[in-house]
Amino acid sequence: VLRSLGIPTRVITNFNSAHDTNINLSIDKYIDISGKTLNLTEDSVWNFHVWNESWFIRRDLGSFYDGWQVLDATPQERSKGIYQCGPASTRAIKEGDVNLDYDSSFLFAAVNADYVTWIHYSNKRRERIYSDTRMIGKFISTKAVGTNSRVDVTANYKYPEVKEISFKISYSQYKNSLMDDRKILVTAV
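With the first letter of the sequence shown counted as 1, position 172 gets the number 172 in our numbering; the numbers rise by one all the way through.
All clues stand as given, with none of them false.
Simulated pairs of lysine-lysine, DSSO-like, Cα-Cα distance not exceeding 27 Å: (1) K29 x K124; (2) K29 x K94; (3) K94 x K143; (4) K158 x K143; (5) K158 x K138; (6) K124 x K36; (7) K29 x K138; (8) K29 x K158; (9) K138 x K94; (10) K158 x K94.
Read the hints as simulated data drawn from the structure, not as lab findings.
Based on the sequences and whatever the hints tell you, model everything.
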(Lines of atoms letter the chains of each structure in order from A and count residues from 1; the text may use other names and numbers.)
(Lines give C-alpha, C1' and ligand atoms only; values in the text may rest on other atoms or scores of the structure.)
Protein backbone atom coordinates (compact mmCIF):
# COMPACT_ATOMS: atom_id res chain seq x y z
CA VAL A 1 0.00 0.00 0.00
CA LEU A 2 2.78 2.46 0.92
CA ARG A 3 4.59 1.83 -2.37
CA SER A 4 1.39 2.58 -4.28
CA LEU A 5 1.36 5.96 -2.52
CA GLY A 6 4.93 6.61 -3.67
CA ILE A 7 6.55 5.95 -0.26
CA PRO A 8 9.75 3.88 -0.54
CA THR A 9 9.15 0.59 1.28
CA ARG A 10 11.09 -2.65 1.60
CA VAL A 11 10.83 -5.97 3.43
CA ILE A 12 13.37 -6.69 6.21
CA THR A 13 14.28 -10.09 7.65
CA ASN A 14 15.94 -10.37 11.06
CA PHE A 15 17.51 -13.73 11.94
CA ASN A 16 17.63 -14.76 15.62
CA SER A 17 14.91 -12.26 16.34
CA ALA A 18 14.17 -11.69 20.02
CA HIS A 19 10.61 -11.52 21.27
CA ASP A 20 10.96 -9.61 24.54
CA THR A 21 7.51 -9.73 26.13
CA ASN A 22 8.36 -7.76 29.28
CA ILE A 23 10.53 -5.14 27.54
CA ASN A 24 13.52 -5.57 29.86
CA LEU A 25 15.88 -5.81 26.85
CA SER A 26 16.91 -9.37 27.64
CA ILE A 27 15.59 -12.77 26.71
CA ASP A 28 15.55 -14.68 29.97
CA LYS A 29 15.65 -18.44 30.18
CA TYR A 30 15.14 -20.06 33.58
CA ILE A 31 16.32 -23.52 34.56
CA ASP A 32 16.18 -25.44 37.82
CA ILE A 33 19.28 -26.85 39.54
CA SER A 34 19.02 -30.05 37.46
CA GLY A 35 19.06 -28.06 34.19
CA LYS A 36 15.38 -28.51 33.35
CA THR A 37 13.84 -25.51 31.57
CA LEU A 38 11.21 -23.69 33.62
CA ASN A 39 8.36 -21.83 31.93
CA LEU A 40 8.63 -18.61 33.94
CA THR A 41 8.70 -16.19 31.01
CA GLU A 42 7.13 -15.77 27.60
CA ASP A 43 10.36 -14.39 26.12
CA SER A 44 11.61 -16.28 23.08
CA VAL A 45 14.04 -16.19 20.18
CA TRP A 46 12.54 -16.77 16.76
CA ASN A 47 14.61 -18.22 13.91
CA PHE A 48 13.61 -15.12 11.94
CA HIS A 49 11.02 -12.38 11.86
CA VAL A 50 9.99 -10.15 8.97
CA TRP A 51 8.76 -6.56 8.98
CA ASN A 52 8.64 -3.61 6.60
CA GLU A 53 10.61 -0.41 6.45
CA SER A 54 9.33 2.79 4.87
CA TRP A 55 11.14 6.09 4.33
CA PHE A 56 9.57 8.95 6.31
CA ILE A 57 10.45 12.43 7.46
CA ARG A 58 9.81 12.50 11.23
CA ARG A 59 8.55 15.93 12.19
CA ASP A 60 7.16 14.40 15.40
CA LEU A 61 10.55 13.08 16.56
CA GLY A 62 12.96 15.51 14.87
CA SER A 63 15.09 15.30 11.74
CA PHE A 64 17.69 13.09 13.49
CA TYR A 65 15.15 10.25 13.17
CA ASP A 66 14.27 10.81 9.48
CA GLY A 67 14.84 7.88 7.14
CA TRP A 68 13.88 4.23 7.35
CA GLN A 69 11.05 3.47 9.79
CA VAL A 70 10.02 -0.02 10.96
CA LEU A 71 6.40 -1.06 10.53
CA ASP A 72 5.44 -4.56 11.63
CA ALA A 73 2.19 -5.80 10.10
CA THR A 74 2.22 -8.88 12.37
CA PRO A 75 2.71 -7.49 15.89
CA GLN A 76 2.54 -10.10 18.65
CA GLU A 77 2.20 -7.69 21.56
CA ARG A 78 -0.15 -4.84 22.37
CA SER A 79 1.21 -1.32 22.11
CA LYS A 80 -0.88 1.42 23.71
CA GLY A 81 -3.72 -1.05 24.04
CA ILE A 82 -3.88 -2.33 20.45
CA TYR A 83 -1.85 -4.68 18.31
CA GLN A 84 0.45 -2.34 16.42
CA CYS A 85 4.18 -1.87 15.94
CA GLY A 86 5.85 1.25 14.58
CA PRO A 87 6.69 3.41 12.86
CA ALA A 88 9.95 3.17 14.80
CA SER A 89 13.03 4.91 13.46
CA THR A 90 15.91 2.57 12.60
CA ARG A 91 18.15 5.40 13.82
CA ALA A 92 16.43 5.28 17.23
CA ILE A 93 16.84 1.50 17.32
CA LYS A 94 20.54 1.71 16.48
CA GLU A 95 21.20 4.48 18.99
CA GLY A 96 19.29 2.70 21.75
CA ASP A 97 16.70 5.46 22.11
CA VAL A 98 14.27 3.04 23.73
CA ASN A 99 12.13 5.69 25.45
CA LEU A 100 10.63 7.00 22.22
CA ASP A 101 7.09 6.15 21.17
CA TYR A 102 6.26 3.71 18.42
CA ASP A 103 7.75 0.57 19.96
CA SER A 104 11.44 1.44 19.64
CA SER A 105 12.24 -0.53 22.82
CA PHE A 106 10.52 -3.68 21.51
CA LEU A 107 12.36 -3.40 18.19
CA PHE A 108 15.67 -2.58 19.88
CA ALA A 109 15.29 -5.82 21.84
CA ALA A 110 14.41 -7.74 18.64
CA VAL A 111 17.88 -6.99 17.26
CA ASN A 112 19.98 -6.29 20.39
CA ALA A 113 18.63 -8.11 23.45
CA ASP A 114 20.97 -10.13 25.63
CA TYR A 115 20.21 -13.84 25.92
CA VAL A 116 20.48 -14.67 29.63
CA THR A 117 20.17 -18.03 31.40
CA TRP A 118 19.29 -18.10 35.09
CA ILE A 119 19.22 -20.87 37.67
CA HIS A 120 15.99 -20.41 39.59
CA TYR A 121 16.39 -21.62 43.17
CA SER A 122 13.22 -20.21 44.70
CA ASN A 123 10.74 -17.37 44.25
CA LYS A 124 13.26 -14.94 45.73
CA ARG A 125 16.60 -16.32 44.57
CA ARG A 126 18.07 -16.72 41.11
CA GLU A 127 21.59 -16.69 39.72
CA ARG A 128 22.76 -15.65 36.27
CA ILE A 129 24.89 -18.43 34.83
CA TYR A 130 25.17 -17.44 31.17
CA SER A 131 24.83 -14.30 29.09
CA ASP A 132 25.25 -13.97 25.33
CA THR A 133 25.32 -10.42 24.00
CA ARG A 134 25.93 -11.43 20.36
CA MET A 135 23.26 -14.03 19.64
CA ILE A 136 20.34 -11.76 18.77
CA GLY A 137 19.87 -9.83 15.51
CA LYS A 138 21.94 -11.59 12.87
CA PHE A 139 22.08 -11.00 9.11
CA ILE A 140 19.37 -8.32 9.07
CA SER A 141 18.60 -8.28 5.37
CA THR A 142 16.53 -6.94 2.52
CA LYS A 143 16.35 -7.81 -1.17
CA ALA A 144 18.49 -5.81 -3.58
CA VAL A 145 16.67 -3.62 -6.08
CA GLY A 146 16.43 -5.31 -9.49
CA THR A 147 18.07 -8.60 -8.48
CA ASN A 148 17.48 -11.50 -6.13
CA SER A 149 20.61 -10.67 -4.13
CA ARG A 150 20.58 -10.16 -0.38
CA VAL A 151 21.60 -6.78 1.04
CA ASP A 152 22.86 -6.78 4.62
CA VAL A 153 21.36 -3.83 6.52
CA THR A 154 22.50 -4.93 9.99
CA ALA A 155 24.58 -1.75 10.33
CA ASN A 156 21.36 0.30 10.08
CA TYR A 157 20.08 -1.39 13.25
CA LYS A 158 23.11 -1.96 15.45
CA TYR A 159 26.76 -1.19 15.86
CA PRO A 160 29.27 -3.96 15.15
CA GLU A 161 29.61 -6.50 17.92
CA VAL A 162 32.79 -6.08 19.96
CA LYS A 163 35.27 -8.85 19.25
CA GLU A 164 37.67 -10.16 21.83
CA ILE A 165 41.33 -9.75 20.97
CA SER A 166 43.84 -12.36 22.00
CA PHE A 167 47.31 -11.02 22.74
CA LYS A 168 50.48 -12.97 22.03
CA ILE A 169 52.36 -10.56 24.31
CA SER A 170 51.48 -9.40 27.79
CA TYR A 171 49.31 -6.34 28.20
CA SER A 172 52.14 -4.43 29.90
CA GLN A 173 54.45 -5.14 26.95
CA TYR A 174 51.74 -3.95 24.57
CA LYS A 175 51.14 -0.80 26.62
CA ASN A 176 54.86 -0.03 26.77
CA SER A 177 55.21 -0.45 23.01
CA LEU A 178 52.47 2.13 22.53
CA MET A 179 54.22 4.55 24.87
CA ASP A 180 57.53 4.01 23.08
CA ASP A 181 55.95 4.90 19.76
CA ARG A 182 54.03 7.77 21.38
CA LYS A 183 50.77 6.42 20.04
CA ILE A 184 47.46 7.03 21.68
CA LEU A 185 45.38 4.00 22.55
CA VAL A 186 41.68 4.59 22.27
CA THR A 187 39.51 1.89 23.72
CA ALA A 188 35.82 1.71 22.84
CA VAL A 189 33.63 0.02 25.39
